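Start from the sequences, fold in the hints, and give me the full structure.
Going down the list, the protein sequences come from chains A and B.
Using the numbering used here, the first residue of the first sequence is number 89, and each one after it goes up by one.
Using the numbering used here, the first residue of the second sequence is number 89, and each one after it goes up by one.
FYI, nobody ran anything at the bench for these hints, they're computed from the structure.
It is possible that some hints are incorrect.
If chains are identical, the list can't say which one is meant, so a pair holds when it fits in one copy or spans any two.
Stated by the list, open to error - List of simulated lysine-lysine pairs, DSBU-like, C-alpha gap at most 35 angstroms:
(1) 534 to 436
(2) 464 to 312
(3) 362 to 340
(4) 336 to 353
(5) 336 to 211
(6) 340 to 436
Just so you know, these numbers come straight off a predicted model, no measurement behind them.
Number of protein chains: 2
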Amino acid sequence: MPNPAKLRILPLGGLGEIGKNMMLIQYENDGIIIDTGIMFPENDMLGIDYIIPDFQYVIDQLEEGLTVHGIIITHGHEDHTGAIGHVLDALPVPVYATALTAGLLEIKMRSFGHTDHPLHVFKAGDVLRLGPFSVETFHVCHSIPDGVGLGINTPVGLVVHSSDFKFDHTPVDGWPPDFARLAEFAQRGVLALLADSTNADQEGWTPSERVIDRAFDEVFARAKGRIIVATFASLISRIQQVAQAAQKYDRKMAVAGHSMVEYIKVATRLGYLKLPPDLMVPVDRANKMPPHEIVIMATGTQGEPSAVLGRLAWGEHRQLEIERGDTVIMSAHPIPGNEELVHRTINKLIQRGAHVIYDPIARVHVSGHARRDELKLLINLLRPKFFIPVHGELRHLTQHSLLAQELGIPAQNIAVVENGMEILLSPDRLEVGERVPGGYVFVDGKGVGDVGPIVMRDRETLGRDGFVSVLVLIDAETGELIEPPEVISRGFVFLRDASGLIEMAQERIAEIVRRHERGSLTVAIQDALSKMFYTETKRRPMTFAFVREVSMAE
Amino acid sequence: MPNPAKLRILPLGGLGEIGKNMMLIQYENDGIIIDTGIMFPENDMLGIDYIIPDFQYVIDQLEEGLTVHGIIITHGHEDHTGAIGHVLDALPVPVYATALTAGLLEIKMRSFGHTDHPLHVFKAGDVLRLGPFSVETFHVCHSIPDGVGLGINTPVGLVVHSSDFKFDHTPVDGWPPDFARLAEFAQRGVLALLADSTNADQEGWTPSERVIDRAFDEVFARAKGRIIVATFASLISRIQQVAQAAQKYDRKMAVAGHSMVEYIKVATRLGYLKLPPDLMVPVDRANKMPPHEIVIMATGTQGEPSAVLGRLAWGEHRQLEIERGDTVIMSAHPIPGNEELVHRTINKLIQRGAHVIYDPIARVHVSGHARRDELKLLINLLRPKFFIPVHGELRHLTQHSLLAQELGIPAQNIAVVENGMEILLSPDRLEVGERVPGGYVFVDGKGVGDVGPIVMRDRETLGRDGFVSVLVLIDAETGELIEPPEVISRGFVFLRDASGLIEMAQERIAEIVRRHERGSLTVAIQDALSKMFYTETKRRPMTFAFVREVSMAE
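The following block contains the structure:
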């Protein structure tokens, strides 16, 4: 083990955000993992289903003597839970989570066959003893219930991890942040703070979830037709708020969207969501009721074409259809990268006659992450010696670091790192250590990690300019073409209108076959065709030739 | 002509925004065109270079007797000028523009060979007489100098078109909006107003360009190293502001980026930009000067990998390199859809040691479009009888319509339409008429309109899952395979690691050839391979087979 007397903090494999999806905390040969999340592909990552952290380094360390005592999942969002199946496949250690998080993890673990795997449910406030670490969990507010931050007592000192959080004084579930615990940590002395940086470039204080009530109230009071509220399936408190508004305005509530139905089932079973049974109606019954008596909860706030709202926008939902007079509330913000799709969805819904309410038209969504004033409060509550901004892109971490410096934490006591860079912590020193092999792994269909840069580059080229394949059969005796070369092409030109171009290609091949003297005929044909296609179209399709010398069947 | 006694307003071929890129104003057989702009492809429009309005309908109308008396270009942005070459190819009528706009148009017209085409330069305030229309031009403020709005006197009444605008009381060029002309229009009575809706969902008043000075001042005062300011090449006033800051803080200015150099050349020649000659230095000289004496203007605010900022972020610029201590100012907002790329660029610049300043960290950019309070002022200044929101997506037009209703314009006097839908205007009535064939046309390399939905869908499939081509040669006498089928594949799996899969495919082909009895062997092989690939990988590559019966050469 390098630097045995130091605590090692290693954020692993985020795509853009640092320390969000997975983190290793290690002291000598003992470690714990915090979170096992997935990332979603960016717009130019063609064909990728999702992305998991590259944790091979952790697995390799097991052979060097590392023991991982457990995996703690801080809350139930996909970017913290989604890779649990992949991680347990390689690292079957106990998992620790609060009840709601565990309920959601169970579904994922089951789909990977980890049915009997130890999953320990704890309550915020419980202490987890994992090897040399004693982890004091504490309640935080976020856009899913039952999230926790961690006070990790380590041999070098107390390390506090905020997890994703906001300081909501009036959360929908009535469970405010655990300020007392934070104050107590401060009294004992905090060696280092790892804190959520997502909104570190946003001034002020993120509004309470409660402000949504007012916006819902206004919309519900005015709406004459159906109301459709789209939000994240995991935003349990928002679903609760819609239920309350529905009751107040005498509407029944239906739920459309498989994932939301699942979340509601788990959250209701575990007591995080309270829906009076007479409130709920199935979608097909809602369809038969007068429009002003109905509110429909739906998935698809990110414009995903296969989710409910996307299907409604394109008129492709099996049970539901947008009608003139519907009010659609987009109770979510576009995740960066999804803006185009979200805006297109809104325009399509308007086209079909819906009145669409979204931020900034009304305050129908608030972020689940703390802004600058909250971040300042957290730092001043804890007064940590060392500061490590996490959960955000490099630009957010940088702003968070500047903010901490404004509050008096010296620059040399702050570490802004990227995923795969280790931080080494001793009672009196914070160092950035080695960069370990890390990064992220693409999951595409059944393939985990088999799609790398070469395949991605080919997809980009194919997506941009398509391909051309030709079959060239040559008479072995005469050296002449046996038949006109067959040309197959997709994504390059519209073949039915491009017969001139295809004939040119065939003539070019004939000419090359006639004149060819040495070297590979295949390469000569491919090169000549590539060149010709570029000259004629200024496009660069991938070009392949099958060339064979044969005798023709008689 | 349908409805001969009515004025016809026809917005043409925007992708998402309505009436922005091109518009036909027609009365009986006489028409004028306003703007000839391009659109930029969205993230899922793979391989498309740019998009032009589909104006075939206008061309078809020429045979029905329509005379187009001229094309008026309101300002020099690409989304209003970029398609001029394409339009003049089919519709060689005179073009009218202010000096700066004309200077920029000339370059585009030249590249399409329209060197001697009539291009009439007017000054804001001039009146253009085009057939039955007398068009009173008036100065507006926007994010490029020398923009105009239009007061179009038509046989049915005065129609005012705001063009892209903001009410900037303190513009950088000292040329405020022409309120007097608007007041005068109001006195004469405005039949209809067409107004910019881009920011119709934004409360308040767009800040003056002048607020940027303060932000620049703060950054320039503090920066110890080089300053690199990235902005739009056409944002002439921003370049002027950087020049002023540079002079104040004793820095020399260099310009990197072909398009910005071009814009600066035209704007300087025509007097819209005033750069003291001793201020400017070439990039290679700037490289040899002390960092605190230099500011570099650069293109690439949208994260375009081939623009200057993109190259700097990825360390691929020929002349420049980011150094620790550089300050980069992103003096632009991401255009929706570009957020991911912009954020990636910022993170990369930070990684290379730059301090990056962007909104919301500091107010280093403001929009060029009016917000709600300005839109209200425009409507109340003009008090039009009819209102037609334009320049924005459907969601913006809808908000703009609601805003106009708040100000007392009755809903039936407002028309929210999409591109290709005609508006018919008489002195006492506003109607939405027919939908004409319209839309947009993809430009890809040399091809204009040859890439349609089928090619695009193929590109999407190829981009997501790649393709497989196989060559199957069968002995005509024995019916057996002459050689193991050759498999070519790209974008599907990494071939070097997929030999097992390739062998399975070869075996599957052999089996089919052995058992095949009737129907097309090609189709049987393609179907079987597609199925096998999906079962094995959960991916769906396009699959093609060349099948031939031959005798082998001996």
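Here is how each hint holds up against the structure:
1. Taking the shortest alpha-carbon separations for residue 534 and residue 436, both the intra-copy value of 34 angstroms and the inter-copy value of 32 angstroms come in at or below 35 angstroms.
2. Taking identical chains as interchangeable, the C-alpha atoms of residue 464 and residue 312 lie at most 35 angstroms apart only when they sit on different chains, with a minimum of 27 angstroms there against 44 angstroms within one chain.
3. Taking the shortest alpha-carbon separations for residue 362 and residue 340, only the intra-copy value of 14 angstroms comes in at or below 35 angstroms, while the best inter-copy value is 65 angstroms.
4. Only within a single protomer do residue 336 and residue 353 lie at most 35 angstroms apart by alpha-carbon distance; the minimum there is 23 angstroms, versus 64 angstroms between protomers.
5. Taking the shortest alpha-carbon separations for residue 336 and residue 211, only the intra-copy value of 33 angstroms comes in at or below 35 angstroms, while the best inter-copy value is 60 angstroms.
6. In the homo-oligomer, the alpha carbons of residue 340 and residue 436 lie at most 35 angstroms apart inside one protomer (26 angstroms), although the nearest pairing across protomers, at 50 angstroms, exceeds that limit.
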